[in-house]
Amino acid sequence: MSLGYCRKALRVDLTNQKIMTEDLSPEFLNGYLGGRGLNMKRLYDEVPPGVDPLGPDNKLFIGVGPLTGTLFPGSARVNFSAKSPQTGILGDSNAGGFFGPELKFAGFDQVIIEGASPRPVYLYIKNGKAELRSAEHLLGRDVFATQEGIIEELGDTRVQVACIGPAAENGVRYAGVFCNLVRAAARTGMGTVMASKNLKAIAVRGTMDLKAADPIKFMQIINKVDKDIASHVEYQTRLLLGTTKLVHALNEAGCLATRHFQTGRFEDAELVSGELLAESYKKKSKGCFACTIPCSRFFEITDGKYKGLKSEGPEFEGLAGFSSRVGVSDLGAALKGVDLCNRYGMDVISTSECISFAMELFERGIIATSDTDGLELKWGNSEAVLELIEKIAYRKGFGDVLADGVVKAATHIGKDSEKYAMHVKGLELFQADPRGLKGYALGVAVATRGGDHLRSEPSFEFYEDPEEGIRRFGVPEAAFRLEYKGKGKVVKFYEERAALADCLNVCKNTLVNMEILSFKEAAEILNAVTGMEFNEEMLQKSCERILNLERAYIIREGIRRKDDNLPERFLKEPLPKECGPSQGSIVELESMLDEYYLEHNWDKETGIPLRAKLIDLGLHEVVKDLEERGILSERFTL
Amino acid sequence: MHSTIKVEYLGTVRLLIKKKFDIYTFTVNPTLGLLVQEIGGRYGKIIGQECKKQVFIICEPKSDRGIFYKLPKDANILLKQGSVVKILNNITGG
Amino acid sequence: MFDLKVIVEEVRGFCDMPMTPGDYFEVKGGRIYIPEGKYICLWALQSMMPFLPLKQRSIAEENDWVPYTKRICCPDPNGQVIYRIETIDPVTQRIVEKEETEKSDIMPRIIVDGEKCSGCRACETACSFEHTGSFCGENSRIRIEKNEIEGKDIPFVCRQCGNALCIQACPTSALSKDDKTKAIIVDDKSCIGCKACASACPFNSIHFHHDTGKALICNLCGGDPVCVRRCPVESISFGSRVR
Numbered sequence: 001m002s003l004g005y006c007r008k009a010l011r012v013d014l015t016n017q018k019i020m021t022e023d024l025s026p027e028f029l030n031g032y033l034g035g036r037g038l039n040m041k042r043l044y045d046e047v048p049p050g051v052d053p054l055g056p057d058n059k060l061f062i063g064v065g066p067l068t069g070t071l072f073p074g075s076a077r078v079n080f081s082a083k084s085p086q087t088g089i090l091g092d093s094n095a096g097g098f099f100g101p102e103l104k105f106a107g108f109d110q111v112i113i114e115g116a117s118p119r120p121v122y123l124y125i126k127n128g129k130a131e132l133r134s135a136e137h138l139l140g141r142d143v144f145a146t147q148e149g150i151i152e153e154l155g156d157t158r159v160q161v162a163c164i165g166p167a168a169e170n171g172v173r174y175a176g177v178f179c180n181l182v183r184a185a186a187r188t189g190m191g192t193v194m195a196s197k198n199l200k201a202i203a204v205r206g207t208m209d210l211k212a213a214d215p216i217k218f219m220q221i222i223n224k225v226d227k228d229i230a231s232h233v234e235y236q237t238r239l240l241l242g243t244t245k246l247v248h249a250l251n252e253a254g255c256l257a258t259r260h261f262q263t264g265r266f267e268d269a270e271l272v273s274g275e276l277l278a279e280s281y282k283k284k285s286k287g288c289f290a291c292t293i294p295c296s297r298f299f300e301i302t303d304g305k306y307k308g309l310k311s312e313g314p315e316f317e318g319l320a321g322f323s324s325r326v327g328v329s330d331l332g333a334a335l336k337g338v339d340l341c342n343r344y345g346m347d348v349i350s351t352s353e354c355i356s357f358a359m360e361l362f363e364r365g366i367i368a369t370s371d372t373d374g375l376e377l378k379w380g381n382s383e384a385v386l387e388l389i390e391k392i393a394y395r396k397g398f399g400d401v402l403a404d405g406v407v408k409a410a411t412h413i414g415k416d417s418e419k420y421a422m423h424v425k426g427l428e429l430f431q432a433d434p435r436g437l438k439g440y441a442l443g444v445a446v447a448t449r450g451g452d453h454l455r456s457e458p459s460f461e462f463y464e465d466p467e468e469g470i471r472r473f474g475v476p477e478a479a480f481r482l483e484y485k486g487k488g489k490v491v492k493f494y495e496e497r498a499a500l501a502d503c504l505n506v507c508k509n510t511l512v513n514m515e516i517l518s519f520k521e522a523a524e525i526l527n528a529v530t531g532m533e534f535n536e537e538m539l540q541k542s543c544e545r546i547l548n549l550e551r552a553y554i555i556r557e558g559i560r561r562k563d564d565n566l567p568e569r570f571l572k573e574p575l576p577k578e579c580g581p582s583q584g585s586i587v588e589l590e591s592m593l594d595e596y597y598l599e600h601n602w603d604k605e606t607g608i609p610l611r612a613k614l615i616d617l618g619l620h621e622v623v624k625d626l627e628e629r630g631i632l633s634e635r636f637t638l
Numbered sequence: 001m002h003s004t005i006k007v008e009y010l011g012t013v014r015l016l017i018k019k020k021f022d023i024y025t026f027t028v029n030p031t032l033g034l035l036v037q038e039i040g041g042r043y044g045k046i047i048g049q050e051c052k053k054q055v056f057i058i059c060e061p062k063s064d065r066g067i068f069y070k071l072p073k074d075a076n077i078l079l080k081q082g083s084v085v086k087i088l089n090n091i092t093g094g
Numbered sequence: 001m002f003d004l005k006v007i008v009e010e011v012r013g014f015c016d017m018p019m020t021p022g023d024y025f026e027v028k029g030g031r032i033y034i035p036e037g038k039y040i041c042l043w044a045l046q047s048m049m050p051f052l053p054l055k056q057r058s059i060a061e062e063n064d065w066v067p068y069t070k071r072i073c074c075p076d077p078n079g080q081v082i083y084r085i086e087t088i089d090p091v092t093q094r095i096v097e098k099e100e101t102e103k104s105d106i107m108p109r110i111i112v113d114g115e116k117c118s119g120c121r122a123c124e125t126a127c128s129f130e131h132t133g134s135f136c137g138e139n140s141r142i143r144i145e146k147n148e149i150e151g152k153d154i155p156f157v158c159r160q161c162g163n164a165l166c167i168q169a170c171p172t173s174a175l176s177k178d179d180k181t182k183a184i185i186v187d188d189k190s191c192i193g194c195k196a197c198a199s200a201c202p203f204n205s206i207h208f209h210h211d212t213g214k215a216l217i218c219n220l221c222g223g224d225p226v227c228v229r230r231c232p233v234e235s236i237s238f239g240s241r242v243r
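Chains as they are written, first to last, in my numbering: chain X, 1 to 638; chain R, 1 to 94; chain H, 1 to 243.
Simulated from the structure, these hints should not be mistaken for laboratory data.
Backbone N, C-alpha and C fix where the C-beta goes; we use that ideal spot for every residue, glycine too.
Mixed in with the good hints, there may be bad ones.
To be verified - Distance condition first, Cα-Cα at most 30 Å in a straight line; then the derived BS3-like pairs of lysine-lysine:
| id | chain 1 | residue 1 | chain 2 | residue 2 |
| --- | --- | --- | --- | --- |
| 1 | R | Lys62 | X | Lys284 |
| 2 | X | Lys284 | H | Lys5 |
| 3 | R | Lys20 | X | Lys284 |
| 4 | H | Lys214 | X | Lys211 |
| 5 | X | Lys282 | X | Lys305 |
| 6 | H | Lys116 | X | Lys305 |
| 7 | H | Lys180 | H | Lys152 |
| 8 | H | Lys152 | X | Lys282 |
| 9 | R | Lys53 | X | Lys224 |
| 10 | X | Lys217 | X | Lys284 |
| 11 | X | Lys282 | R | Lys18 |
| 12 | X | Lys305 | H | Lys152 |
| 13 | X | Lys310 | H | Lys146 |
| 14 | R | Lys19 | H | Lys116 |
| 15 | X | Lys307 | H | Lys152 |
| 16 | R | Lys18 | X | Lys485 |
| 17 | X | Lys282 | H | Lys38 |
| 18 | R | Lys20 | X | Lys577 |
| 19 | H | Lys5 | X | Lys227 |
| 20 | X | Lys577 | X | Lys485 |
| 21 | R | Lys19 | X | Lys284 |
| 22 | R | Lys18 | H | Lys152 |
Stated by the list, open to error - Facing chain H, from chain X, some residues (calculated, C-beta under 7 Å):
| id | residue |
| --- | --- |
| 23 | Asp23 |
| 24 | Lys211 |
| 25 | Ala290 |
| 26 | Phe298 |
| 27 | Tyr463 |
Just chain X, same shape as in the assembly (with noise of 0.2 Å):
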């Protein structure tokens, strides 16, 4: 039985196909919370510099939380870690579904996958045992056929299953790790890294108990947070819409990625929107695991080329990514898109970038049909932008020039189109163009990930209230999306409420973007949930301490203040006319980092955090660390 915390890791050892069992001692749970944290402190310990990603030396760790499985709404995440193969620094992605809470069920908090097999394999855990089986039938088989296969041969439907598709074993450098189907740890490669330990798929059934300490205490907060969701001015929008309500409002605000950035105004944007969708080919609202604002949703395409394509979702990134970021006005290929990098296992943003990227290369002349296999990569070509992703997953023809992601690519072909890579560190960006978002393009600036939205989603900048913008975070200006003034702040505010939310591993839609459950009252759930001892204090500063720690890790991979950047249309080309309230916006960002780092109480110049920081926040290994390779030098003693 547990309370909260099952105390338990799995460490499969691939090399030589040995499981073992290792206790989680109170005070690494207690500093590193949950998902993210527990893998951020392996990562940092076990993964060091100079590792090959695709290497066996690499470890991939998954984690969940101490809420994970339990019924506080949306506590389904689980988080996929390891050193990205996409971007040579930290690797992390978090999905939700079924699999976190199975994986409680089963007697884990966190599994660490070691080496790499010598024959493909998948992981099957139950209750508190784990074993590896044969995977060679299933190589080569979409997520899909995957999932299904397992589910067959395991004869039991409740099995839940994370897997790699046929991209993954291509070694497409952005393959994600899929759950439920189309429940993507999609970001940052981590399908990658399980291929190169030819590990198939994860599948785990759990049934063991998992308990709260106090129930009483943990249904009177659950009883709270229930009516802060349901009566939340988001509430009808998340649970009609979800993420896909972004494709009108960020084009109404004119920073809606449209043709690859060009602009921030898609003159389609209806024929794709997700009201659209609503109307037309949704069936019914889809949820996670607990979750009582279910905002995905069940389509079936009933009309057209692509009649009779059903699934589950798409979220907003997937939508733009094979719509206004491509040019396609067919809400129907779109969908396609995004099936088909569900099912071949690929990240819909790091392809969707990529594809744009080249359409644009194309449309400037700078590449040409004789490259791209003859595919005419013009704006709204949708049948070239299908036939591309299938390409990319294959890595056949010009698609084995995308599979490494757009930095390489630009590299590859070369003349000068590295300006045109939409990414930071060499992740690629989403679909919200941060011209007209200030908070958020410095989010992704800093993003500990690369360049990527969740690790902070700074929301209160499109609140416009002065008043609080004062209150929370000392200036009005904070509470403006066009407004520099007071983003650090923001950011780093919005930073922590990430860490906590992927700590937990709850939603990030209800625990950072509606600002559900303060610190206080996690750590009294937490209470209730483990019968340990947190503070609000406690919890804010573990989440500054995995921050931190995450930073410190990219800093010893070599990442400095120049890194934390932008690509350079951002920063130098003004959006268009036609964006509206957002026209001639561009990022100003080098007074916004210093912001930040101030913050953070980080060196201004290189961005490496300050030694007095690390120790404040407990962090004394990593001290050591930073000053045995030199990084951490005299100057940091402030």
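Chain X is already provided as a structure; the job is to place chains R and H on it using the hints.
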């Protein structure tokens, strides 16, 4: 003299009332607050409440640029004859 | 003379036709019209046949019970398919409404709408937590069967059948009906975990505790089921009639 305002529904409100637009007619130029009251009157209290949580983009005649407003702070903004008002959900993260 | 529209309103039991809620046929004059590609259960039809001409009459007489009666139950006791007969004015095509006076004596129970289920399994978690203190849905009395490829999520929970086959099947008389709620109650002391009840249940709605092996049957939480309170999409509701 009558004042007609075209209201385009996007996002949550559009899905709740299952309609893309309406034309509202007033005897004088209405404020944004009054318009929302009218919408509530036409579609019921729940819709009226939901509208208050949304963002309003007001596009005046002969202007191609909409300006964003929110309630309650912009309730007294006057709407000119022939304006188009879009109602949609706030951006916030995804 | 009225036209009639006969609609399957609810399937309380297991209909092997199957008839599904929403299926219908129309009676216009002396003709029966069935929508193209659809069918109607012969047994249900023959049992309601004599009633149809009665319902077509448009004379209003005091004490005439016919206008006030509009539901018919299929004679198959396992099916319990409820048909609603609507009388329609052939000119205006409007439904002619007469308030039903019969009183329902069906006790409220959990009613499932599988089309709406989001598949989140919050009901399982809530049920298990309420009755066992554990979040793991393995000991829940309600289960969601999922087919992720087809997007099907179907809640399976006891329907509190009037003619409960599980009670009849139990060799140790461990199952009984609660006097107040009419919910089926398992006496853990008598239950030997033989699974005879589960074999008898037409709805796959009886499960077994993973440690003790005893039967788990929904007891309606004494009249305020936690699963229903937890459902975010109203896929399960507590009541006596499908709305």
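Now the hints, each set against the structure:
A threshold of 30 Å between alpha carbons decides the hint, and for Lys62(R) with Lys284(X) the separation of about 41 Å lies outside it, so the pair is violated. Under the criterion of a C-alpha separation no larger than 30 Å, the hint pairing Lys284(X) with Lys5(H) is consistent with the structure, at around 28 Å. As the CA atoms of Lys20(R) and Lys284(X) are separated by approximately 21 Å, the hinted pair is consistent with the 30 Å bound. Annotation: proposed proximity of Lys214(H) to Lys211(X) holds, straight-line Cα distance about 20 Å (limit 30 Å).
Proximity of Lys282(X) to Lys305(X) is assessed by CA-CA distance (about 17 Å); at most 30 Å being required, the pair is judged to hold. Between Lys116(H) and Lys305(X), the direct Cα distance comes to roughly 27 Å. Compliance with the 30 Å bound is thereby established for this hinted pair. This hinted pair does not check out: Lys180(H) and Lys152(H) have alpha carbons roughly 35 Å apart, beyond 30 Å. Taken as a hint, the Lys152(H) and Lys282(X) pair is honoured in the structure, with Cα atoms around 13 Å apart against an allowance of 30 Å.
For the hint pairing Lys53(R) with Lys224(X), the CA-to-CA distance comes to about 21 Å; that is within 30 Å, so the pair holds. Note on Lys217(X) and Lys284(X): the hinted pairing is violated, with a Cα-Cα distance of about 34 Å set against a maximum of 30 Å. Restraint check for Lys282(X) and Lys18(R): the C-alpha separation of about 14 Å stays at or below 30 Å, so the hint holds. Taking the CA atoms of Lys305(X) and Lys152(H), the gap is about 24 Å. The hint holds against a cut of 30 Å.
Taking the CA atoms of Lys310(X) and Lys146(H), the gap is about 15 Å. The hint holds against a cut of 30 Å. For the hint pairing Lys19(R) with Lys116(H), the CA-to-CA distance comes to about 23 Å; that is within 30 Å, so the pair holds. Pair hint Lys307(X) plus Lys152(H) holds up; C-alpha atoms about 19 Å apart against a cutoff of 30 Å. Note on Lys18(R) and Lys485(X): the hinted pairing is violated, with a Cα-Cα distance of about 40 Å set against a maximum of 30 Å.
Using a Cα cut-off of 30 Å, the hinted pair Lys282(X) and Lys38(H) holds, with the two alpha carbons roughly 25 Å apart. Distance restraint check for Lys20(R) and Lys577(X): the Cα-Cα separation of roughly 26 Å lies within the 30 Å cut-off, and the hinted pair is therefore satisfied. In summary, the hint linking Lys5(H) to Lys227(X) is not supported, as the alpha carbons are separated by about 43 Å, beyond the 30 Å threshold. Only pairs whose Cα atoms come within 30 Å are accepted, and Lys577(X) paired with Lys485(X) is accepted, the gap being roughly 25 Å.
Using a Cα cut-off of 30 Å, the hinted pair Lys19(R) and Lys284(X) holds, with the two alpha carbons roughly 19 Å apart. At roughly 26 Å between alpha-carbon atoms, Lys18(R) and Lys152(H) fall within 30 Å of each other, so this suggested pair holds. Interface restraint check for Asp23(X): the shortest CB-CB distance to chain H comes to about 21 Å, outside 7 Å, so the restraint is violated. Because the closest C-beta pair between Lys211(X) and chain H is about 5 Å apart, less than 7 Å, the hint holds.
Checking Ala290(X) against chain H by beta carbon gives a least distance of about 4 Å; that is within 7 Å, so the hint holds. The beta carbon of Phe298(X) comes within 4 Å of a beta carbon in chain H, closer than 7 Å, and the hint placing it at the interface holds. Because the smallest distance between the Cβ of Tyr463(X) and any Cβ of chain H comes to about 26 Å, over 7 Å, the interface hint for this residue is violated.
The structure does not agree with the numbered hints 1, 7, 10, 16, 19, 23, 27 stated previously, though it agrees with the rest.
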